[in-house]
Every structure is written in C-alpha cells, then in structure tokens.
Amino acid sequence: SQQGEEDPQALSIQEGENATMNCSYKTSINNLQWYRQNSGRGLVHLILIRSNEREKHSGRLRVTLDTSKKSSSLLITASRAADTASYFCATVSSGYSTLTFGKGTMLLVSP
Amino acid sequence: DAGVIQSPRHEVTEMGQEVTLRCKPISGHDYLFWYRQTMMRGLELLIYFNNNVPIDDSGMPEDRFSAKMPNASFSTLKIQPSEPRDSAVYFCASSLGGEQFFGPGTRLTVL
Chain E
1 SQQGEEDPQA LSIQEGENAT MNCSYKTSIN NLQWYRQNSG RGLVHLILIR SNEREKHSGR
61 LRVTLDTSKK SSSLLITASR AADTASYFCA TVSSGYSTLT FGKGTMLLVS P
Chain R
1 DAGVIQSPRH EVTEMGQEVT LRCKPISGHD YLFWYRQTMM RGLELLIYFN NNVPIDDSGM
61 PEDRFSAKMP NASFSTLKIQ PSEPRDSAVY FCASSLGGEQ FFGPGTRLTV L
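Protein chains in written order, with this note's numbering: chain E, 1 to 111; chain R, 1 to 111.
Hints listed in this document are in silico derivations from the structure and should not be mistaken for laboratory results. Heads up, the beta-carbon is just placed ideally off N, CA and C, and yes, glycines get one too. Each hint should be verified, as a subset may be incorrect.
With beta-carbon atoms standing in for the labels, derived distance ranges [to be verified]:
#1 A78(E) to G16(R): 51 to 57 Å
#2 E14(R) to R60(E): 44 to 50 Å
#3 S24(E) to Q80(R): 35 to 41 Å
#4 G3(R) to Q9(E): 26 to 32 Å
#5 G59(E) to G28(R): 35 to 41 Å
#6 N22(E) to R22(R): 32 to 38 Å
#7 G97(R) to D66(E): 20 to 26 Å
#8 Q17(R) to S28(E): 42 to 48 Å
#9 E18(R) to S68(E): 48 to 54 Å
#10 R64(R) to L108(E): 34 to 40 Å
#11 G16(R) to K56(E): 47 to 53 Å
#12 G59(E) to I5(R): 26 to 32 Å
#13 T64(E) to G97(R): 19 to 25 Å
#14 G28(R) to T64(E): 28 to 34 Å
Just so you have them, the derived chain E footprint on chain R, three or more residues with Cβ under 8 Å [claimed, not checked]:
#15 7-16
#16 42-49
Using the sequences and the accompanying hints, generate a full structural model.
In structure tokens:
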C-alpha cells in the first residue's frame with residue numbers, strides 16, 4: 001500500500017510559473033525523497049530531506065518537511081517545458097531501508 | 001558509470017511462457033531493488049537484496065515470481081508461468097542505502 005499521497009494528481013502550468021506539489025504520509029519516517037519520472041523512463045532522484053530537517057534547496061527545487069503534520073512539499077520555481085514529468089514522493093520509514101512511493105503528480109508545463 | 005542496466009527493454013510474450021528480466025546494478029552499490037509499475041497500483045516494491053542476500057520478498061505477488069542475485073553485479077527476476085496481469089514496467093534500482101538509482105525499466109506485455 002502507498003505510504004505517500006501526492007496532491008494534486010495533475011498540475012498544468014505555463015513556463016515561468018512556479019509549481020507546488022504536496023505529499024502526505026502516515027508513519028514516522030527516517031527521510032523523505034522526491035523523484036521525477038519522464039514518460040517511458042526510469043525514476044530520477046531529485047532531493048532527500050531527513051526527518052530532522054525542515055527545508056532543503058537544490059537549484060530551482062525547494063522541499064519542505066513538516067513531521068508534525070506528516071507532510072512535505074516540492075516547489076519548482078520558474079518552471080520550464082523540460083520539467084514536464086511525473087513527480088513522486090517516497091518515504092523511508094524509521095528502522096527500514098526501503099522506499100514507499102506515492103502515486104505521483106503529473107506536471108505539464110506549457111511553453 | 002553507465003548507471004543501472006536492464007535487459008530486455010521490451011518483452012512481449014504469451015501467457016504461460018517463462019520470462020526472465022535482467023539487471024546490472026551500479027558498481028559498488030550494496031542494495032538492489034526490484035519494482036513493478038502499473039497505472040492501477042503505481043510503483044510497488046517486489047523484493048530487495050543487501051550484499052546479494054534477499055532481505056524482504058514480501059512484495060512478490062505469487063510463487064510464480066522469483067528473484068536471484070548470484071553476485072554483486074547481476075540479478076534476475078523470473079516469472080514462470082507468466083499471465084496477462086503481469087503486464088507492467090519492471091524497474092531495477094540500486095543504492096548505497098540512500099538515494100536509489102533506477103534503470104530504464106523493462107516493459108513486459110503478456111498476451
């Protein structure tokens with residue numbers, strides 16, 4: 001069963017706009033990771049945030065984590081058409097080594 | 001490094017046939033994961049290995065599925081006999097315990 005639930009399921013924006021995706025999860029976690037999947041390809045790791053971190057940046061990506069609300073958000077600033085993909089959050093539960101993925105958010109960035 | 005390598009990239013077979021999917025992890029990685037992705041169920045972890053030893057195969061759907069890792073550079077996922085409901089994209093991923101690196105996947109179609 002899915003641990004993470006992404007919201008929204010689909011998002012359509014124009015180039016240059018910001019895109020925000022949210023993820024909620026159920027159990028205590030060790031860390032939370034975001035991945036991107038382009039159509040027909042494997043998943044690519046974007047960023048990892050540990051349970052004792054609240055915010056992390058990587059280029060145009062900003063991830064926040066609120067362990068009290070069991071939620072995370074991924075912000076992509078100044079989006080580009082090349083950002084069109086599905087984005088997944090995945091959690092590593094405390095005491096485990098495996099990732100549990102949500103069903104993802106499909107992002108469409110139009111030129 | 002070439003990344004995680006999977007073969008074949010596409011496989012079309014008939015119900016009842018044996019299917020073998022292959023994976024070469026990134027050199028030096030000590031974790032290897034097999035996932036299945038479908039529209040209905042999303043990304044599911046089937047089994048994972050640590051230092052070539054199967055750790056958790058609770059995600060393997062049935063006895064028709066088996067996985068081996070004879071050495072650190074090779075793993076197989078076998079389905080025997082295959083059924084139409086096994087049609088999916090199968091991903092292999094490897095890691096050092098943190099972020100996971102995914103292969104391009106094998107798209108399996110069972111007729």
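Okay, the hints, checked on the actual structure:
1. A78(E) to G16(R): 51 to 57 Å: Holds - the Cβ-Cβ distance for A78(E) and G16(R), about 52 Å, lies within 51 to 57 Å.
2. E14(R) to R60(E): 44 to 50 Å: holds (46 Å)
3. S24(E) to Q80(R): 35 to 41 Å: holds (39 Å)
4. G3(R) to Q9(E): 26 to 32 Å: Given about 29 Å between the Cβ atoms, the range holds.
5. G59(E) to G28(R): 35 to 41 Å: violated (26 Å)
6. N22(E) to R22(R): 32 to 38 Å: With Cβ atoms ~37 Å apart, the hint holds.
7. G97(R) to D66(E): 20 to 26 Å: For G97(R) and D66(E) the Cβ distance comes to about 25 Å; the hint holds.
8. Q17(R) to S28(E): 42 to 48 Å: holds (43 Å)
9. E18(R) to S68(E): 48 to 54 Å: holds (50 Å)
10. R64(R) to L108(E): 34 to 40 Å: holds (37 Å)
11. G16(R) to K56(E): 47 to 53 Å: The hint (47 to 53 Å, Cβ to Cβ) holds, given that G16(R) and K56(E) are roughly 49 Å apart.
12. G59(E) to I5(R): 26 to 32 Å: holds (27 Å)
13. T64(E) to G97(R): 19 to 25 Å: holds (24 Å)
14. G28(R) to T64(E): 28 to 34 Å: holds (32 Å)
15. 7-16: violated (count 0)
16. 42-49: holds (count 4)
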